[in-house]
Structure formats: structure tokens, C-alpha cells
Amino acid sequence: MIEPAHIFILFFALSLLLGLLVALIHSKPLARLLTSSYVVIHVAFTAYCWMHRGETVLDYFTFDTLGLMLQSVLSILSITTVYHGFIYVRNDPPRIYAIYHSALIALIAAMTGAYLANGMTTVWIFVEATTLAVAALIYHDRTAIALEATWKYVFVCSIGIALAYIGILFLGFTVRDVRLLHLSFSSITEIARLANPLYLKIAFVFVLVGYSTKMGLFPMHTVTVDAHTVAPPPISAFISTTLMNVGFLAIFRIYALFSATPILPFMNHVLLLSGFLSILISAGYMLKAKHNKRMLAYSSLENMGIVAIALGMGGIGYYAAILHVILHSFAKAGLFYQMGQSYKVMGTYNLDESGNYMNLYPAGATALLLGLLCITAIPPSGMFISELLMFKAMVANGNYLYMTVAAILLCFVLYAMLTRVLHIVFSQPRTASVRPGEKVNPWQTVSQYILFGLVIVICFTQPGFLRDMIMDIIQNLPK
Amino acid sequence: MTSMLIIVFAITLIYLSVTERFSIYAGLVGLQGLLLFGLSFLQLDRITLATVLFVAIETLLFKVIVVPYLLFTVIRRTGVARVHDKALPSFYSLLFVSLGFLLSIVVSFSMNTTPYNLLFFIVSFFAVYTGLFMIISHRKIFSHLVGFLVIENAVLLLSLAIGSEIPMLINIGILLDIFVSVLILGIFVMRLRQQTDDLTILKDD
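Note that the protein sequences, when read in sequence, are chains A and B. Here the first sequence is numbered in the working numbering, starting from 1 and rising by one per residue. Here the second sequence is numbered in the working numbering, starting from 1 and rising by one per residue.
Since the hints were derived computationally from the structure, they do not count as laboratory data. Be careful, since some hints might not be right.
List time: in silico DMTMM-like cross-link candidates among lysine to aspartate or glutamate, alpha-carbon distance up to 25 Å [stated by the list, open to error]: (1) B:Lys140 to A:Asp92; (2) A:Lys290 to A:Asp141; (3) A:Lys152 to A:Asp141; (4) A:Lys479 to A:Glu190; (5) A:Lys392 to B:Glu20; (6) A:Lys28 to A:Asp468.
Covered, in the sense of this in silico footprint (three residues per stretch, anywhere, with C-beta under 8 Å from a C-beta of chain B), are these stretches of chain A [said to hold, decoys possible]: (7) 123-131; (8) 147-161.
Where is the CB? At the ideal position from N, CA and C, for every residue including glycine.
Here chain B stands alone, though its shape is the one from the complex (with noise of 0.2 Å):
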């Protein structure tokens, strides 16, 4: 079962990285967050209402509710539906998120891990490269948004793949993270205007 969730995961990670619209980027981000909240579940040992409440909290609440919701405020207050006509073709986005899930599987590979965390390192090293790709290849402000919670769910994956006894400074550190992406998303929503798509007042003259 944790491997059929970690191929899916995998799965949104590609289409992420081709598809054009804002509103599919939200609805995927949400399905990452549901897929964590899976993994999240069936890596407790013991299943006590603090632990299940934590994970639904970190997982649920936030990445499944919060943030696809913070995100498709943003659309509707944007009015912007879609990538940049500028950002890279999707054939070529294809291209090169392929070679890095070749790049993921050569390094975990090379790791001489267990089976089990081997697919745990991929995805995770996959969704960070993702993450960069979306970063660095899109125009737009949102898709960096969106680049940069799947960086946050590539780290949340890579914890899950450390045990189930994870102690509370790595959850209290997750926390932190999902508050500061959250925050993030505030001050997209609250403050940065519709015509800001690209922010380039500050640069060197």
C-alpha cells in the first residue's frame, strides 16, 4: 500500500510538471497532501488520538485543506488561469523532469539503502528536483508557489522515509515549515496585487 501511494505521488509530480492550468496545480497540490496523509497513517507503529490527531493536523488540515484553498483563492482573486505563454514547452518540461527522475533513481540507487526507503529517496529526490524545475522554468509567481510546496511535501516524504518514532523536534520543525508556506501564501493573497507577475523592481542597474 505505501508503495501503490508513493508511485502516485510520483505520477502528480510529472503531471505538475506539464500541465498549464493554476486550477489543476491546486487540486494536484491537495492530492499530495492526501497522499502524505496515507503514508503519514500507515507509518504510526502505535495509533494513539495525539499521534492521529498530529498527522491530521500536518497533513490534512493544512495540505489538504488550507493550502488548496489559500491557492484557489488566489486564482480567483488573480483572474490568471494559466502558465506564462514564455514558460518552457511541455515537451520540454517532460524532457528534462524525466532525465531528473533518471538523475533521482541513479543517486538513490548509489545510496545502498533498504528496498523500502530506496522509493522513499527517489520520489523525494524527484519532487525536490520538480519543485527547483517548476521554480526556475516558470515565469510566474504561482507556479514558484507551487514549486516550492512540493519541495515542502519532498521534505515531509523524506521524513516519513527516517521511521515511525519521529521525535517531536522533527515534527515541531515540520510544523514550523508548513506555518512559514502558509504565510508565504498569506502575503501572496493579502498583499502582492494582481499585475505583479514578475517581481523585478530590485535588480542591479
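Extracted from the complex, chain A is given alone in its bound form (with noise of 0.2 Å):
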């Protein structure tokens, strides 16, 4: 009999065994062949934690609904990134086409990692593994921009995961003894209950700022804008969702744990002023973005404050957060692919530089139109709706202040996106652009409507088990 423990090892030591194959032997086809291989064992693993959800494995994974969903979400931008990163490195030589994929294989396993830990200290080993795997694929292009990148990367991911680690450190001193540091997220729950508020006030502030460098959340968003900004498309694509999903997770985790003790107020405070000053800073900087994958970045940190007030928010702003992060990821995904075809075909990443891309490729300007539609919360974006609850929350709450300053930052943001989209869709190029464009097949572009099409699917209609997971996730936090 096969057990998921042992399902669960098998996946690992193949994520492991693949990777080196790939980074050893330096074959282009051989890379395709093993990476494509890779995402359908991902997808097939997934598969297989939704048949035993719930379940345990080796003491330190749980098959749980919220890491389920985000791991489905990974397997499906897996797809698309392993497909879009083909093209991109294509010309490379075989060495840094190996590292590339080999990195990529490291860095899907970690977050895997990551998704199903289910104690702080082991979430805390896969976030850090993430940063390395990370830091090779930013430092793909090898450029100096790409090594200041990398650097700063590392850098701070390690500054923001030692604080991190601080907090769960505190974590040990409020169970008293931190050998339960290891045990599931639920048995720690009751022990926070009893234990002095002070400590785990310092605890969650900790944790908030060390993975806020993942979540891409004020105070430490810097990195990731710099990180997504730099790396190549389907890179950024990829660290701007579902890397920025496992940051989420691991804050959304340490809540969930405190939610039932006298801190909660004090934690909605805190993510609500991380949230607002990250729209904030988002729409300051989208205002004077002359980068188009900067903007992007910038976006990024729109929506991950939006996710934070929502949870901050409580009642029916958890069900938002959650759907908003899911959208986020599908919406932020195919505008960042979209962005890497828009490269290949202006030849540039300058908003100066950019435009008449309509006239230049019709399908992709559609795309990133559509794309923009999506991720400014635009109907028919189901954004729209994870954004609605989010106001409905405040209502509710009977916070109109709150709901005043985000409507007015929200709206400088959406003016940002609109009037950079639009200048690329549809205006002539400022000036010209040094590098010449290229053709890019529209095939191509058809993960991105597919993408696209399920934000906007998720306006009109949120099928029953979709609804069902995330209540499912969000039961035990306060009404």
C-alpha cells in the first residue's frame, strides 16, 4: 500500500533529482523534456494532495485547503511559465538554459514546500530555500542591473526572513516549550490563547515585516519591485503571484494562529496600515513609473495591500482577500507574459519609447487591454467583486473613512495603468526605441486570454467549490 507520505517523498526526490539532471547536463532538449516532465508530476502530485486533503505526512506537511488552492494555483501557472520561459531562453547558451530551468525546478518544489508545511520553522526552511532559487533566476540576463537586482534580493530577503525568524522565535517563548514549534498550526492555536499578549504582539509584527519581503507588502516591498522589475517576463510573472502567495500564506497563517487571542485588533491595526501605505506608495510611484514592468511591480503592490486591508477589514474581507490574491495571480500573470511579448515586439520596456502596439500586434494589444480591464478591477474582472467585498467590509465595520482614502488612492492607481496602457495600446512612441521589434506568433498570446478569461469568468459566476474552499478556509476566524 502506498501511503502520501511516501507520494510525498517520491515528489521531492524527483523535484531534486530532476533539478540536478537539468543543471548538470547542459542539453537544451533534454532541459525541455525534464522541466516539462516536472510540471506534470507537479500537477499530478497536486491532483493527488486533493484526494487525501487533510491528511498529515511526516509530521511536518498537511494536505490543508488554503495550501491545496494555492498549490493548484502554482501548478497552473507552472504550465504557463515553463511555456513561456521556452521561448524566452531559447537563444541562450546551454549552460544558462540549464541553470534557468534547473533554478525553476527549485524554486516550483520550494513553494510546493512552503504551501503544505504546517509549522511556522518549516514554512520559514522553503521560504528561505526560495530566496536562492529566486536569486538565480533574476541573475539570468547576467547584466549589471540584473546583479544589482539579485543582490539586493538576497540581501533583504535576508534581512526581512531573520526578522521572520525572530518572530517565530518569540512564538518559541509564548508556547514555552519549542519543541511544539514543529507541530501542526492548530496546536499551537490553543496554547496562544494563555500565552502574555505582549509576546505575541512582538511575534506578529515580526513575522508581518520579514515576510513582508516575500508578500511584496510595505515595509520591505523595495525588493520585489526591483526583483520584478529585473527578471525575465515569465520570471516576474511567476515571483509576482505565486511567490507573493506563499508570503501571504505564511502571514495569513500566523492570524489565522492569533486570531482567537486579545491581539486580534492590534493585528487588524497593523495590516491595515501596512496595507494603506502600500497603495499608497504604489499609486505615488505608478504616477511617475517610465518603466512598464515597473508599473507592473508597482501593481503588485496595489493588490497585495488591497489583500492586506481586506483581511485587516474582518467579517466578509477574508473571503475577499482570499479571491483577490487567486485573481491576482491569474490576472498579474498573463500582464507580465503579455509585457515580455510587448518587449520582443517595440524593443523596449521605456514607456517613451513604447507604443502603436495595437498596429504592431493586434492580439496582444487585445490581451493587454483585457489584461488591464482585469487587474484594475474593471467589470467584468472578477477582481471587481473580491474589490466590492473588500468595501462591503468597511461598510459594515462602519469604517467610511477607510473606505474614502482607499477609493482615492485606488482611483490614482487606476488613472497610472490606464493612461500608461492605453499610451502603449494605441499612441505613437514618444521616442524611438534603439532595439528593433520582432514578430511573435499570436499563438502565443492564448495562455494569457485563458488566464484572463478566468478573472472575468469569476465576475458573473463563482462556481459552488471554489465558494466552498474558501469558506472552508476561513471558518475559524472571527465572524
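Two chains, each in its own frame: build the complex with the hints.
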């Protein structure tokens, strides 16, 4: 009889084996074959985990609904990311090609481990592992700017992760027995209820600040903005969605853990502060952004701000936060893939050099417009529903001031994104691009239409299974 | 003995925040590693070959030998021996660090912990503060690096306060952390060039 633990070990053993094979054998066809096989294995593993939902394996991992939901998003985006990656790196030397795919396999495996981990220390270890894998991917182009972004990413993430670790150690002080730290989150919940609130507050603040490097939330957001700007577009798509979800998951887990304690109002205030400052900063910088990918990176900061605010509002806000995280993943990934294609066609990321995209590549321009609708939560975007629910939570709590401030800030974001994307699509470039453009096969844009389609469908109907899953995730949070 | 070592650790932090020579930075980071080895050793309940080996690798090998060696290599390669002219003057640094020390005492006392843990808490908080202060107040990347290493040492110090029976997962975490710090130093030594004092290519126009 094959136990879930055996399958779990087999998955990570295969991740290691395939990653090493790709890294050591510098063959492009083999790297393509092994990476594609790995994606199929990941999808199959996700399906297997769903069949064993609720089970704990090897003491440190549990197939819980939130983890599996985010892992499913990871599986879907792995397919599109690997596909777009094949196109992006096809002209690279075999060695760099191999490093790219090996690091990608390592990143997917590390994120899967973080999603399924059932203790803060285990989550932390896998988050640290993601930093190492992402560093290799950001440095892919081997330019001075890539080196700077890699250095900043590794350095700031390491500081953030060290701070998060201090938070986890404080969790150790609250449970009095550090050996409990690796047990399931649910067992720590019981102990946290009796703990000194000051310890819990310190632990929460450290964890929030630490993991904000991964979630891309204020105050450690700068590192993710730089990384998303510089990384190859398929990787930007991946790390501004699935990796941000890892940060969200870590913060959400500890929030859920402490939600039954007297520090709940404190946590909500901290999340609201962090969320509003994130949107404020993103609105300000998006208005002056001249780099197309950087604009999208600030959009990720804005959306994570929305998630933090929704979480801080509580009630229906919890539902909005989870829904927003999922929909943002699909919309933002599609936009980053499209930005990679627009670079190929126009030969630039510079806003002033961009333009006339509708004439140059109509399929891509239409996808970009569709992505714009999705990410700015304009109906028929499903993100309209999640943002509406966030505002509903504010009305329910009587937070009219928060509602007004959020609406004003989101208007700035909307203005910044609309003017820039419409310029790229319809206007003539202000200055000529140095690099000549290339042709893109319209079939390569199909994956983006599928992702945006998923976001749009949610505006009209939320499948019962999705609703049930989100309700299952938030059922233990305060009403 | 434990208290003595922690107090010496705190003194190294004050010295780090006011000194301007990089070679002293590297030496002090090594000294902190040695102090952490002493503290880790004193915290051991059972002395077995495995535990002693683990502590020795974690502290003596990495923090006392590898990290200072890499720091001295950086100094040798870059030929930069002092902090930037525009860094905060030592007097103001001392003022800010003293405030941080006071703050650490106030926060630690408000936590109603045991007198034994109190000293660990004060110095750990102070180390985090000093590390962050070095990163914020200095312009050279080398100083940022030392600030990061100080924060790493604070994490190890705090983990020692939890108790001698640190579970395997915590140990793996700390080892991974040390590995990352060595990797960061590696990037610094191998890739970043001599003139790369300020990384400012990436910015919003």
C-alpha cells in the first residue's frame, strides 16, 4: 500500500533529481523534456494531494485547503511559466539555459513545500530556499542591473527572513516549549490563547515585516519591485504571483493562529496600516513609472495592499482577501507574460519608446487591454467582486473614512495604469526605440487569454467548489 | 560566565557602531562568533560528539573562520578600508545606539521574563537594532553586510535563550541562515566590483 508520505517523499526526490540532471547535463532538448515532465508531475502531485485533503504527512506537512488552493494556482501557472520560459530563453547558451530551468524546478519545489508546511519553522525553511532559487533566476541576464537586483533581493530577503525567524522564536517563548514549534498550527492555537499578548504582538510584527519581503507588502516591498522589474518576464510573472502567495500564506497562517487571542484588533490595525501605506506608495510611484514592468511591479504592491486591508477588515473581508489573492495571480501572470511579448515586438520596456502596439501586434494589444481591465478591477473582472467585498466589509464595520481613502488611492492607481497602457496600445512612441522589434506568433498569446478568461468568469459566477473552499479556509476566523 | 559573555557581546555591538575601519568590523564579527560559540557550549545540557560538532560547525567554523576570512578578502580586493565620508559621525552613532540600548532594556523589562532570559532579550534586541542602524546609516555595501551579519548573530543569540534543547528544525533553520550569509558574502566577493559602492542603477525616474 502506497502511503501519502511515500508519494510526498517521491515528489521531492524527483524534484531534486530532475533539478540536478537539468543543471549538470547542459542539453537544451533534455532540459525541455525534464522540465515539462516536472510540470506534469507537479500537476499530478497536486491532484493526489487534493484526494488526500486534510491528511498530515511526515508530521511537518498537511494537505490543508489553503495550501492546496495556492498549490493548484502554482500548478496552473507552472504550465504557462515553463511554456513562456522555453520561448524566452531559447537563444541562450546551454549552460545558462540549464541553470534557468534547474532553478525554476527548485523554486516550484520550494514553494510547494512552503504551501504544505504545517509549522512556522518548516514554512520558514522553504521560504529561505525560495530566496536561493529566485536569486539564480533574477540573475539570468547576467547584466549589471541583474546583479544589482539579485544582490538587493538576496540581501533584503535575508534580513526579512532573519526578522521573521525572530518572530518565530518569540512564538517559541509563548508556547514555553520550543519543541512544539514544529507541531501543527492548530495545536499552537490552543497554547497561544493563554500566552502573554506582548509576546504574541512582537511575534506578529516580526513575522509580518519579515515575510513582507516575499508578499511584496510595505515596509519591505522595494526588493520585490526591483526583482519583478529585472527578472525575465516569465519569472516576474511567477514571483509576483505564486511567490507573493507564499508570503501571504505565511502571514495569514500566523494571523489565523492568533485570531482567537486578545491581540486580534492589534493585528488588524497593523495590517490596515501596512495595506494603506502599500497602496499609497504604489499610487505615488505608478504615477511616475517610466518602465512598463516596474509599473506592473507597483501594481502587485497595490494589490497586496488591498489583500492586507481586506484581511484587516475581517468578516466578509477574509473571503475577499483569499479571492483577491487567487484572481490577482492569474491576472498579473498574464500581464507579465504579455509585457515580455510587448518587449519583443517594440524592443523596449521604456514607456516613452513604447507605442502603436495595436498596429504592431493586435492579438497582444487586445490581451494587454483585457489584462488592464482585469487588474484594475473594472467589470467584467472578477477582481471587481473581491474589491467590492472589501468595500462591503468597510461599510459593515462603519469604516467610512478608510473607505474614502482607499477609493481615492485606487483612483490614482487606475489613472496611472489606464494612461500608461492606453499610451502603449494606441499612441505613437514619444522617442524611437534603439532595439528593433520582432514578430510574435499569436498562438503564444493564447495562454494569456485563458488566464484573463478565468478572472472574468468569476465576475459572473463563482463555482460552488471555490466558494466552499474559501469558506472552509476562513471558517475558524472570527465572524 | 554566560552573563559575562553576553555583556562582552553587547560591548562589541557598541564598538561596531562607532568604529570606522573595515578591518575592525571583520575582527569584531569574528569575536562575536567566538562569544556565540562560548554561549552555545555553555547552553549544552548533554555534551556529546554530535552536539559539540554541530555547535563547532555553526559557530567556530562559519562565524569565526569563514565569515571573517571572506570579509578580509573583500577588504583586500576592494582596497577600501574605511566607511564613507558621508556616513553618520561617530558621536551621533553613539547617541543613536545608546538610545537603542535604552529601548531594548525598556522593551525587555516590559516582557516579564526570567532574569536569565532578560539579558539575552536585551542584547538580542540591541543587536537587531544595531544591525538595522548600520544598514540605514551607512552608505557602503560592506557596512550593510556587517549589519546583516550582526542581525544573524542576534537570531542565534535569541535562539540560545529558548533553551538548550533546540529542536532539529530550528538548527536546520539557523544553518540555512548561515549558508545564505556565506552565499551573500560570496556574491559580494566574486561578482560585485570594486567601484560598486552604491547600487543605484535600479530607481524610479
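Check each numbered hint from earlier against the structure, then list the numbers of those it violates in ascending order. Of the numbered hints, 1, 5 and 6 do not hold.
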